[in-house]
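Colleague: The primary structure of each chain is shown beneath.
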Amino acid sequence: MIVVEIRKLFRRPRTWFTIGLLDLLPTIVAVLLAITHIGPRPGEGPAFLSAVLTNGSLFAVAALAIVLPLFLPIAVSVVAGDAIAGEAQGGTLRYLLIRPVGRTRLLVAKLAATFVFVAVAVLVVAITGFVAGRLLLGDQPLSAAVTSVSGSTLSPGQVAWRIAISVVYVVLSMLGVAAIALFLSTMTDSPLSASLGALAALVGSSLLLTLDAAHSLQPYLPTRYWLSFVDLFRDPILWRNVLRGVGLQCLYVAVFLGAAWANFTTKDVTS
Amino acid sequence: MIKTGGLTKRFGSVAAVDRVDLQVVDGDIYGFLGANGSGKTTTVRMLLGLVLATSGDIEIFGRPMPRAAATVLPRIGALVEGPGAYGHLSGRANLLLDDASGRPSARGPRRDRQRRVDAVLEQVGLGAAGAKPVRAYSLGMRQRLGLAGALLREPELLVLDEPTNGLDPQGIGEIRKLLLELNAGGTTIFLSSHLLAEVEQLCTRVGVLDRGRLVLQEELATLRAPTGRVLVRSPDAPAIAGELGALVEHRSGCELAVRCADPADLNATLVERGYRITELLIERRTLEQTVLAATEPGADSGPPP
Numbered sequence: 708m709i710v711v712e713i714r715k716l717f718r719r720p721r722t723w724f725t726i727g728l729l730d731l732l733p734t735i736v737a738v739l740l741a742i743t744h745i746g747p748r749p750g751e752g753p754a755f756l757s758a759v760l761t762n763g764s765l766f767a768v769a770a771l772a773i774v775l776p777l778f779l780p781i782a783v784s785v786v787a788g789d790a791i792a793g794e795a796q797g798g799t800l801r802y803l804l805i806r807p808v809g810r811t812r813l814l815v816a817k818l819a820a821t822f823v824f825v826a827v828a829v830l831v832v833a834i835t836g837f838v839a840g841r842l843l844l845g846d847q848p849l850s851a852a853v854t855s856v857s858g859s860t861l862s863p864g865q866v867a868w869r870i871a872i873s874v875v876y877v878v879l880s881m882l883g884v885a886a887i888a889l890f891l892s893t894m895t896d897s898p899l900s901a902s903l904g905a906l907a908a909l910v911g912s913s914l915l916l917t918l919d920a921a922h923s924l925q926p927y928l929p930t931r932y933w934l935s936f937v938d939l940f941r942d943p944i945l946w947r948n949v950l951r952g953v954g955l956q957c958l959y960v961a962v963f964l965g966a967a968w969a970n971f972t973t974k975d976v977t978s
Numbered sequence: 158m159i160k161t162g163g164l165t166k167r168f169g170s171v172a173a174v175d176r177v178d179l180q181v182v183d184g185d186i187y188g189f190l191g192a193n194g195s196g197k198t199t200t201v202r203m204l205l206g207l208v209l210a211t212s213g214d215i216e217i218f219g220r221p222m223p224r225a226a227a228t229v230l231p232r233i234g235a236l237v238e239g240p241g242a243y244g245h246l247s248g249r250a251n252l253l254l255d256d257a258s259g260r261p262s263a264r265g266p267r268r269d270r271q272r273r274v275d276a277v278l279e280q281v282g283l284g285a286a287g288a289k290p291v292r293a294y295s296l297g298m299r300q301r302l303g304l305a306g307a308l309l310r311e312p313e314l315l316v317l318d319e320p321t322n323g324l325d326p327q328g329i330g331e332i333r334k335l336l337l338e339l340n341a342g343g344t345t346i347f348l349s350s351h352l353l354a355e356v357e358q359l360c361t362r363v364g365v366l367d368r369g370r371l372v373l374q375e376e377l378a379t380l381r382a383p384t385g386r387v388l389v390r391s392p393d394a395p396a397i398a399g400e401l402g403a404l405v406e407h408r409s410g411c412e413l414a415v416r417c418a419d420p421a422d423l424n425a426t427l428v429e430r431g432y433r434i435t436e437l438l439i440e441r442r443t444l445e446q447t448v449l450a451a452t453e454p455g456a457d458s459g460p461p462p
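Residue numbers (this note's numbering), protein chains in the order written: chain Z, 708 to 978; chain Y, 158 to 462.
Simulated from the structure, these hints should not be mistaken for laboratory data.
Glycine included, C-beta positions come from ideal geometry on N, C-alpha and C.
Hints are not guaranteed to be accurate.
[Unchecked claim] With a Cα cut of at most 25 Å, we get these calculated DMTMM-like pairs of lysine to aspartate or glutamate:
1) Z/K974 x Y/D175
2) Y/K334 x Y/D422
3) Z/K974 x Y/D185
4) Y/K160 x Z/D975
5) Z/K974 x Y/E216
[Stated by the list, open to error] Which stretches of chain Z does chain Y cover? Using the computed rule of at least three CB atoms under 8 Å from a CB of chain Y, they are:
6) 737 to 747
7) 951 to 960
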């Protein structure tokens, strides 16, 4: 069933369109940087952008940092919010269920397909960023050492595997959003409401992160550790927030997948 | 084949389906009649495990539903409230996905999937349009595709909700022929419809739902048995009425309703006495009369569907 859902997702023109759009923004940034050579000063603007003018390879990470706060969560919300509600709206949910596809099985397959979508999208963004960086920006040889965020130098090998870990981390970071959107998707027959609901949760979370009064809540907000992958480029790597981030996402998946399961398996399907 | 006991579904305080005892026998073409909003679709959805009953039980193939859904549903083909398909994919691709869905035991064998899909497309008359995206299908073609999906597993039981919706008269004829063929091949058919004529032409048994209650469940042949009266049309009607006296139960213009056990006898008598007969007919109740007599008017104002 997971294979069927993945096939279904990637045969939709919309999926590829979304991935295309995700790549567009970092590409535009790369082009602008290449033309103007005006990078943000270190410590300002999206992470790593100040470094890419000298080393284009790092633009792979910069590209992730560019899409992570908004673009990627929107894409994930749209795909996950459409998972059940979209089938309901299209009238295909009832036919899936009487095929029969077990309700639990369907939920898990949908979440898995969303996960694969996120993985593909993030990987494509990273690759696009890398290619755009190499072609347009700083053309230091691949073998050149890179200055870490902490100021020490990292060998190309170290950088490569740190980039790989950040890709995985970004993918995992999106699981919480996916689970929230999937849960809302079981609540309504309108995919739009589900996606917007999940986005509302994220906007709320981002807002609370800027509020000092919400300090005690902050460790539990889904967007709290999103940008912690920057810590992977410190020397030595600062694992604390990265691990907390992964744990928090797992918690969100457990809670909202559970809620989605409880709701969906006892629900009258009247769509 | 299908048996429900005290099947009830409440939405809030309203009982959409109220203590329904259905009984569908192996080999039936069961016509499930009812006005819009009488609870037909809710009942069908409960049979298929989509809507969960408030109380009462359902048995299909002698197994409890929805508990045994995993083993019961693969043996059922269904069309519920209109077809559903992915618009951007072709009819054929839709059926292939459909067939690949579900746990391995519920799936069609992969080996002959292509062949089976082509066969059902041909069966419902979509052979030529199978490669077109469903977005470009007419309502009738979508309906046929839905039917193809229902037939994919060669089901023992077909549950069809308004299967001829959106079809032209020719299409309705083709589908009727197909259903009769399938039934002759041993498929039991549960047909939910508000079209009395359709049910009258196809079905062997009829159940009538009115505001959530099953008010009638009977063999069609029994319902349509002669009433014991003969309808006579004749230009000499007044004279015949005088002649037969109390046997004439009703007269309007040149039409008479005569209580009479043997129509052939009556015909011979009348002709012998020199009366001219235009038409002589055994009176049967139409399904429409039966249904209207069993239901109260204005079910649309009743509980929601």
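Colleague: Tell me if the straight-line CA distance from Y/K334 to Y/D422 falls inside 25 Å.
Modeller: violated (38 Å)
Colleague: Per the coverage rule (Cβ-Cβ under 8 Å, at least three residues), is the segment 951 to 960 of chain Z covered by chain Y?
Modeller: With 0 residues closer than 8 Å to chain Y, the segment 951 to 960 of chain Z misses the three-residue bar; violated.
Colleague: Is Z/K974 close enough to Y/E216, meaning Cα to Cα at most 25 Å?
Modeller: holds (21 Å)
Colleague: Keeping to a limit of 25 Å between CA atoms, is the pair of Y/K160 and Z/D975 held or broken?
Modeller: holds (21 Å)
Colleague: Decide if the proposed pair is consistent with the structure: Z/K974 and Y/D185, CA atoms, cutoff 25 Å inclusive.
Modeller: violated (31 Å)
Colleague: Given as covered by chain Y, does the segment 737 to 747 of chain Z meet the bar of three residues or more with CB within less than 8 Å?
Modeller: Not satisfied, violated; 0 residues make the cut.
Colleague: Does Y/D175 lie within 25 Å of Z/K974 when you go C-alpha to C-alpha?
Modeller: Holds. Z/K974 to Y/D175 sits at ~20 Å (cutoff 25 Å).
In the structure shown, a violation is registered for the earlier hints numbered 2, 3, 6, 7, in ascending order.
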